[in-house]
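So the sequence shown is numbered by full-length UniProt numbering: it starts at 1 and just counts up by one.
Quick caveat, the hints were computed from the structure, so don't treat them as lab data. The model shown is predicted, which means the values in this text are computed figures rather than measured ones. Virtual Cβ for every residue (Gly too), placed ideally from N, Cα, C. A couple of the hints might just be wrong.
As the list claims (entries may be wrong) - Have a look at the derived ranges for each label pair, beta carbon to beta carbon:
(1) Ile81 / Phe17: 39 to 45 Å
(2) Arg22 / Ile115: 44 to 50 Å
(3) Leu38 / Lys154: 19 to 25 Å
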Amino acid sequence: MPSQQQTVTRQPFIYLFDDFKRIYSDSTFLGLTLALPLVAMPLMLWIALSPVMLVDELKLSSVQYGLAQFPIFLGLIAGNIVLIKIIDRLTLGRTILIGLPIMLLGTLVLMVGAIWQQYLIPCLLLGMTLISFGEGLSFSVIYRFALMSSPVAKGTVAAAVSMLLMFSFS
1 MPSQQQTVTR QPFIYLFDDF KRIYSDSTFL GLTLALPLVA MPLMLWIALS PVMLVDELKL
61 SSVQYGLAQF PIFLGLIAGN IVLIKIIDRL TLGRTILIGL PIMLLGTLVL MVGAIWQQYL
121 IPCLLLGMTL ISFGEGLSFS VIYRFALMSS PVAKGTVAAA VSMLLMFSFS
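Work out the full structure, taking the sequences as your base and the hints as a guide.
So this is what it looks like as structure tokens:
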């Protein structure tokens, strides 16, 4: 512990609103922050709608439904593990350029399943696994870019990111 306590100068509460105004008027911050829900939304929708799709509509049993969740969440975990392994070898942000096309490929696989119904379940699982793998590669890097995009205090920037994320998800 430091021997001397540093004093923090308190600012009037109105400065907080000025900080949020600066953050929300920054187009780079808004672009990066609004990209976050676009990357995270497919997995959120899967979590919310997969019971309806798999159990109610496709008549899978509870065990089949549970087993169908494994590849999707393993894809997310694998994406994060791959990110950890390759992040030091690539320029910062390169994993976004790798992860987003993988997510697009997963979306195309989902569309194939929607067109040819006999392949719906395999395409649904493969497509969502690719999407979650791409999210694992991309999300945390975009989040970091969003946090670092503004010179305002990082606690305020993190609060602004969280507010926009929650607003987008709702």
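Task: Numbers of the earlier hints that this structure fails to satisfy, in rising order - done: none
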